[in-house]
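What follows is the residue order along each chain.
Number of protein chains: 2
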Amino acid sequence: MAAPVLSPSRRLRRTPFSDGVEAAGVRAYTVYNHMLLPTMFRSVQEDYRHLKEAVQIWDVACERQVELRGPDAGRLMQMLTPRDLRRMTPGQCYYVPIVDETGGMLNDPVAVKLAEDRWWISIADSDLLYWVRATAIGWRLDVLVDEPDVSPLAVQGPKADDLMAQVFGDSVSDIRFFRFGVFDFQGRDMVIARSGYSKQGGFEIYVEGSDIGMPLWNALMEAGRALDVHAGCPNLIERIEAGLLSYGNDMTDDNTPHECGLGRFCNTHTAIGCIGRDALLRVAKEGPVQQLRAIEIDGPPVPGCDRWWPLTANGKPVGRVSSAAWSPDFDTNVAIGMVRMTHWDPDTEIEVAAPDGLRKAIVRESFWL
Amino acid sequence: MAAPVLSPSRRLRRTPFSDGVEAAGVRAYTVYNHMLLPTMFRSVQEDYRHLKEAVQIWDVACERQVELRGPDAGRLMQMLTPRDLRRMTPGQCYYVPIVDETGGMLNDPVAVKLAEDRWWISIADSDLLYWVRATAIGWRLDVLVDEPDVSPLAVQGPKADDLMAQVFGDSVSDIRFFRFGVFDFQGRDMVIARSGYSKQGGFEIYVEGSDIGMPLWNALMEAGRALDVHAGCPNLIERIEAGLLSYGNDMTDDNTPHECGLGRFCNTHTAIGCIGRDALLRVAKEGPVQQLRAIEIDGPPVPGCDRWWPLTANGKPVGRVSSAAWSPDFDTNVAIGMVRMTHWDPDTEIEVAAPDGLRKAIVRESFWL
Numbered sequence: 001m002a003a004p005v006l007s008p009s010r011r012l013r014r015t016p017f018s019d020g021v022e023a024a025g026v027r028a029y030t031v032y033n034h035m036l037l038p039t040m041f042r043s044v045q046e047d048y049r050h051l052k053e054a055v056q057i058w059d060v061a062c063e064r065q066v067e068l069r070g071p072d073a074g075r076l077m078q079m080l081t082p083r084d085l086r087r088m089t090p091g092q093c094y095y096v097p098i099v100d101e102t103g104g105m106l107n108d109p110v111a112v113k114l115a116e117d118r119w120w121i122s123i124a125d126s127d128l129l130y131w132v133r134a135t136a137i138g139w140r141l142d143v144l145v146d147e148p149d150v151s152p153l154a155v156q157g158p159k160a161d162d163l164m165a166q167v168f169g170d171s172v173s174d175i176r177f178f179r180f181g182v183f184d185f186q187g188r189d190m191v192i193a194r195s196g197y198s199k200q201g202g203f204e205i206y207v208e209g210s211d212i213g214m215p216l217w218n219a220l221m222e223a224g225r226a227l228d229v230h231a232g233c234p235n236l237i238e239r240i241e242a243g244l245l246s247y248g249n250d251m252t253d254d255n256t257p258h259e260c261g262l263g264r265f266c267n268t269h270t271a272i273g274c275i276g277r278d279a280l281l282r283v284a285k286e287g288p289v290q291q292l293r294a295i296e297i298d299g300p301p302v303p304g305c306d307r308w309w310p311l312t313a314n315g316k317p318v319g320r321v322s323s324a325a326w327s328p329d330f331d332t333n334v335a336i337g338m339v340r341m342t343h344w345d346p347d348t349e350i351e352v353a354a355p356d357g358l359r360k361a362i363v364r365e366s367f368w369l
Numbered sequence: 001m002a003a004p005v006l007s008p009s010r011r012l013r014r015t016p017f018s019d020g021v022e023a024a025g026v027r028a029y030t031v032y033n034h035m036l037l038p039t040m041f042r043s044v045q046e047d048y049r050h051l052k053e054a055v056q057i058w059d060v061a062c063e064r065q066v067e068l069r070g071p072d073a074g075r076l077m078q079m080l081t082p083r084d085l086r087r088m089t090p091g092q093c094y095y096v097p098i099v100d101e102t103g104g105m106l107n108d109p110v111a112v113k114l115a116e117d118r119w120w121i122s123i124a125d126s127d128l129l130y131w132v133r134a135t136a137i138g139w140r141l142d143v144l145v146d147e148p149d150v151s152p153l154a155v156q157g158p159k160a161d162d163l164m165a166q167v168f169g170d171s172v173s174d175i176r177f178f179r180f181g182v183f184d185f186q187g188r189d190m191v192i193a194r195s196g197y198s199k200q201g202g203f204e205i206y207v208e209g210s211d212i213g214m215p216l217w218n219a220l221m222e223a224g225r226a227l228d229v230h231a232g233c234p235n236l237i238e239r240i241e242a243g244l245l246s247y248g249n250d251m252t253d254d255n256t257p258h259e260c261g262l263g264r265f266c267n268t269h270t271a272i273g274c275i276g277r278d279a280l281l282r283v284a285k286e287g288p289v290q291q292l293r294a295i296e297i298d299g300p301p302v303p304g305c306d307r308w309w310p311l312t313a314n315g316k317p318v319g320r321v322s323s324a325a326w327s328p329d330f331d332t333n334v335a336i337g338m339v340r341m342t343h344w345d346p347d348t349e350i351e352v353a354a355p356d357g358l359r360k361a362i363v364r365e366s367f368w369l
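Chains H and U, in that order, are what the protein sequence lines are.
If you use the working numbering, the first sequence corresponds to residues 1 to 369, in order.
If you use the working numbering, the second sequence corresponds to residues 1 to 369, in order.
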């Protein structure tokens, strides 16, 4: 039987770049923040090879923004995360775990500090707007919280600097990692950060105003012809190799940041005001009892991982795999999984219950990049 | 080019009934509350015909529950909605618009009052859990808020009573509309309400515990053979004919309940404590300037409505269509659209910018059922 198609509806929002994505021959989508996110153009393996060798334009408009504006914007931002934001300056981007009152993760966005009283939170797949706005109201903060008409467009791949320079000028290469600058495109200001959901290098352009979306898409496509530019998207294989986590896949609100290996983005002791701080103090001190790990799975290419695959040792449960794919470059199955501390040491041999049967697997010291 | 497929991933959650849905030959999905929701089995028209003549089992596990439990559960529930809940008793279900501090709709769920201190909110497509939990924390309420392992399974169609009686006994027919009772299935308690997202009659079973999902699915399928039972799903054509709204399609957080024609579910004056009450008092008194209407669209069957189609009169914008389909029974295109008050009177002639060009359309007095 053919793979089920995705039924179109207004509820699954199109993006300012959807016309370009369709013209480029998108073959598969996922849904992310009630919006269409392409997942494949040629094939996942062809897209992967091309991403590592050339440059791609990604419609990641589904990374919606939650904008905080007003005198209490900074206070509210600190209430959301155990990362200490006191030294963050306008022009910086921070990866910030967002936690609830129990320390469970609600989202793992990038916070963009535009000014002392203005922030964008570039969110993963959950309606963080609801959490932030209800918090602002409940605590009577003087801050406006909404979703602006801002849609990120990513330029990723080793030739990203070359392409961006042609459209925005050479100074775009001066942007440092997780910093942003403001650049002109056809008379419009664009926030451009050196960031993105791959380890191949590149930028994210925060496109303000849907009307300028396709002109920018077309300008990048045109300028990149000699660089073999293609439409692309976050690549399953590459992101697992690189250990880039996916909220909803690799972690949920059941997990603390420490379980997700994000302890380095938590300053639980000094993040005064964070709603989940009390709950996290103990886990920050003692460490978690399970943690995400890179896992190598034996055998031929695994099928798609559409549910948690149990991890066992001698038949006893020790965790679960949440993302997995065959890696052509490393000639093995690469995976991300939550593993109990009894079995999380490097080179521990465990088993994974894949859909086609039990396979051998090994816990790795680090990801593949 | 073939319609884009939906990429499977753990993030798009399977349901306790997914194995049954797949065995029944699901052909299309949508994503709803980060979960798979079937949209088509044979064809939308065949499913529609069968729904109106027989009985269907629907996997609507994506109607996730937000559970409120504790001494402040009732107070919190009233904070969420402008519907006055004071006379609601355990055993009742209420359709409740949920609004933010500006009166904008955040969700349009069914609230199930299990006990004075325990509620389920059976939600439409947005992470209402985030709003409710942050509200509980911000206002320091004594209430537990979480998502329990409860997955609704709907039995819809004219033969729904016959089928349900075979599995749960004749007394299931005594359940009145939007009331519920507790029934036994294999030693497990099941909350069963007379409700559902069609106008063909039927029930929703709140299945508590994923492990009992497939046994119940199979028991219903087995018991319904002589009734021509089939796997089904909310049907686009039938729900438009019936005027059943879809959050994210027909309304967003830009719209008040009154704009959505839900004024009869608002008692803004007496719903003391509702967060959006102040903002809604004026619109409750003066009425909205635009409102959802049934709209009949001329011409051959319309294509799928995956974005707002502008409504115009003499070239001037007067609204937009958000849902549309060809209705075999009414031999016309049925649609739902937001229309400005200057053009919302019955029989007003307007135009709709469908993808294949401008078509004539007529505002109707009421929906088709």
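Bear in mind the hints are in silico, worked out from the structure with no lab data behind them.
All C-beta atoms, glycine included, are put in the ideal place defined by N, C-alpha and C.
Hints may be right or wrong, so weigh each one.
Quick look at which bits of chain U chain H covers, simulated, 3 or more residues with Cβ under 8 Å [unchecked claim]: (1) 52 to 61; (2) 296 to 308.
Every beta carbon over 12 Å from chain H, so not counted as near; a handful from chain U, in silico [claimed, not checked]: (3) P8; (4) V31; (5) Q45; (6) G138; (7) S173; (8) D174; (9) R225.
Right, here's what the structure says about each hint:
| no. | hint | result |
| --- | --- | --- |
| 1 | 52 to 61 | violated (count 0) |
| 2 | 296 to 308 | holds (count 5) |
| 3 | P8 | violated (4 Å) |
| 4 | V31 | violated (4 Å) |
| 5 | Q45 | holds (14 Å) |
| 6 | G138 | violated (1 Å) |
| 7 | S173 | holds (33 Å) |
| 8 | D174 | holds (36 Å) |
| 9 | R225 | holds (23 Å) |
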